[in-house]
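Chemist: Residue numbers (the numbering used here), protein chains in the order written: chain Y, 20 to 150; chain U, 20 to 150; chain R, 20 to 150; chain P, 20 to 150; chain G, 20 to 150; chain W, 20 to 150.
What the hints contain is simulated information worked out from the structure, not anything from laboratory work. Treat each hint with caution, since some may be false.
Listed below are the simulated SDA-like cross-link pairs for lysine to any residue, each with C-alpha atoms no more than 20 Å apart in a straight line [to be verified]:
1) Y:K22 - G:A145
2) G:K71 - Y:L23
3) W:K45 - G:F147
4) U:K140 - Y:L23
Residues from chain Y that face chain P, not an exhaustive set, calculated with beta carbons under 8 Å [claimed, not checked]:
5) N97
6) Q120
7) A124
Distance windows between CB atoms, simulated [said to hold, decoys possible]:
8) Y:R148 - P:E32: 47 to 55 Å
9) U:D26 - P:S30: 17 to 25 Å
10) W:E72 - U:K22: 37 to 45 Å
11) G:Q68 - Y:R41: 47 to 55 Å
Note that CB positions come from ideal geometry on N, CA and C, so glycine has one too.
6 protein chains.
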Amino acid sequence: MGKLIDDASASPEVQAVFEDIRQTRKTDFINNLWRAIANHPPTLRRIWQNVKEVMGAPSALDPLTKELIYVAISINNNCEYCQASHTAAARARGVTETQLQELYAIVALANETNRLAIAYKVEVDARFRDA
Amino acid sequence: MGKLIDDASASPEVQAVFEDIRQTRKTDFINNLWRAIANHPPTLRRIWQNVKEVMGAPSALDPLTKELIYVAISINNNCEYCQASHTAAARARGVTETQLQELYAIVALANETNRLAIAYKVEVDARFRDA
Amino acid sequence: MGKLIDDASASPEVQAVFEDIRQTRKTDFINNLWRAIANHPPTLRRIWQNVKEVMGAPSALDPLTKELIYVAISINNNCEYCQASHTAAARARGVTETQLQELYAIVALANETNRLAIAYKVEVDARFRDA
Amino acid sequence: MGKLIDDASASPEVQAVFEDIRQTRKTDFINNLWRAIANHPPTLRRIWQNVKEVMGAPSALDPLTKELIYVAISINNNCEYCQASHTAAARARGVTETQLQELYAIVALANETNRLAIAYKVEVDARFRDA
Amino acid sequence: MGKLIDDASASPEVQAVFEDIRQTRKTDFINNLWRAIANHPPTLRRIWQNVKEVMGAPSALDPLTKELIYVAISINNNCEYCQASHTAAARARGVTETQLQELYAIVALANETNRLAIAYKVEVDARFRDA
Amino acid sequence: MGKLIDDASASPEVQAVFEDIRQTRKTDFINNLWRAIANHPPTLRRIWQNVKEVMGAPSALDPLTKELIYVAISINNNCEYCQASHTAAARARGVTETQLQELYAIVALANETNRLAIAYKVEVDARFRDA
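Isolated chain Y (complex conformation) (with noise of 0.2 Å):
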């Protein structure tokens, strides 16, 4: 696994950081993702500052939407701490498991559905072409 920053060992640069992360989600519970990225604090402010904007600033998605867009692509992608990360997020903002599910049923169905769309050289359509 990789090297985690505490706050002990965290620089200043860093420590502003985490600092704004716990004001902003109002808790004092720094995840491991970014004590990973702060091994590069450039990387840690630029992460920081760009999840911020995209996922908690007010927008025409509702947080929880944009929560489950964020797990299912970390279930593309493969990532079981993406995955486990924004899911935590999507059940603090009221998910049910049942939801989770159907979420998982939806991302599977997509990627059969897309393997046959590309198998067979599917063309879009004009009107969807269009729109």
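We have chain Y already, so just place chains U, R, P, G and W on it with the hints.
Modeler: What follows is chains U, R, P, G and W alone, placed relative to chain Y:
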């Protein structure tokens, strides 16, 4: 492009599925994916049954959220056809262009952080495992 | 599209590989993959040697099964060129359209159940580990 | 790891699928994939029906070839569970260790040439398009 | 193809980013990726900021090596657009055709050995873990 | 984990490859990938020959850049083994931890922009096509 089965050349088995698609979707339009996999009638029947059940039946996730997950996976798998057809379905259910573009941003960001979690071999936090 | 090396502009090193392809396959036809990678003669020589050994030498798997595996992977990787060229090779070895379409169905279904196994984080059964 | 549904806690709907798996496969053993997706009974029923139809029904491809294609895709998708379970199925149908290792070599080589075809943007030969 | 935002129809927020791209790159040319994601101005601003910081700022890796890594990933993800744009960037930084073709060979070979390592479930050597 | 072939049980054909690995790399150490694929001697011989030629022979790309590309692809393919072994190779050639972490950032960012280019179906600019 793959060969498409038009109504005139459809076998009774294929015609029956086409008819069920039309009745279920309340439209005469059969999109190319079905006309392509109609080259193999058992696959047409089976996949339509799956899509109808997973995407069309009453469920804990609302219909638009389900289409958004489908679009997200189709982008991630580089399947232009399925992105197009499920984007059309999402539009029919009221998604806005802004919401679609937020979805693109989430799909892209998830790909970025997924790769960081993999590159750093980040261990799943205990509290995420318990969840 | 990438530049293709025709016979007239081929260096002696490239001509020698083209000649071996022709003799091995008993045809004058050199398909575009070889003419493309002929831009880098060491890669042409090396990859042809690999394909000749893996796909052409006597083996425990029969030649058609080998081509079907190649087609399946090419679909899964969204590589239209390789799907096309190895489908042609499979047809030359007698595959039927029905068999190809069954292959598409298996590729698609495997993608579906693969994602379910990943989403549910299913532990490998002891008896499968022992095998 | 995901929660597994044992026989004692299975609902009647789940028990009915487990029973069909046992009768179809002529064994008492239910492998973990089914016990995992049994957390969502409609998915259990639906996916079992699909696997039974695609992999178990009489077909133009012989049963071992079908399992080999499944193994190949599972390796390509980095799905350890499905590689393990379908390798076991392939062994039950008589595949030899040498044949499996030849399969690994083909999967790997296809990944290599797929990437070259993509990198060089190789145009599909006319005769492959016509096929 | 997606809609592209030309200069005339760009909002002040988009114009400001376009201006920064032009000044940073010392060219009037704005390539299509930016004109496409300009449909969603917050994404345009955010992604440009990321690319500018990761690819443009002084770093421990030299600029050409960074572009080569970008090209390699773009090929691996089957993203024709990004392969094209970052190949152009690599050429502007002096890469030769031979170097690009060696890169293709490495990308392809890595895909081959990656799949073998996965197929054989090779355990990471102790000395590689310690590193 | 897959079975590893130790020196004592290696056939003469395998021993000859192990000996060439040792001489070429000037070390007694044979890492697990080779001991795993030694279960299939023709693959061992063939893959070693490929790795030796692509990664070891004099080339237009310098040896460290080549290892970095290999590491990038291995992360992208979620191949922990190959990431570990080629990271070790890159370290032996002098890469710094900062450089590795910049590489992670580029791999991750490329995944992000690749998905945006795909989602927006961005057309390749004429000047990138001409290049």
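Chemist: Take the hints in turn and mark each one as holding or not.
Modeler: Results for each hint:
Note on K22 (chain Y) and A145 (chain G): the hinted pairing holds, with a Cα-Cα distance of about 17 Å set against a maximum of 20 Å. Between K71 (chain G) and L23 (chain Y) the CA atoms are separated by roughly 27 Å; this puts the pair beyond 20 Å, and the hint is violated. In summary, the hint linking K45 (chain W) to F147 (chain G) is supported, as the alpha carbons are separated by about 17 Å, within the 20 Å threshold. For the suggested pair K140 (chain U) and L23 (chain Y), the alpha carbons sit about 10 Å apart, so the restraint of at most 20 Å is met.
A cut of 8 Å between beta carbons decides the hint on N97 (chain Y): the least distance to chain P is about 5 Å, and the hint holds. Because the closest C-beta pair between Q120 (chain Y) and chain P is about 4 Å apart, less than 8 Å, the hint holds. A cut of 8 Å between beta carbons decides the hint on A124 (chain Y): the least distance to chain P is about 5 Å, and the hint holds. Remark: the range hint 47 to 55 Å for R148 (chain Y) to E32 (chain P) is contradicted by a beta-carbon distance near 42 Å.
The hint said 17 to 25 Å for the Cβ distance between D26 (chain U) and S30 (chain P), and at roughly 42 Å that hint is violated. Under the hint 37 to 45 Å, the C-beta atoms of E72 (chain W) and K22 (chain U), about 43 Å apart, fit the expected range. Between Q68 (chain G) and R41 (chain Y) the C-beta distance comes to about 24 Å, which lies outside the given range of 47 to 55 Å.
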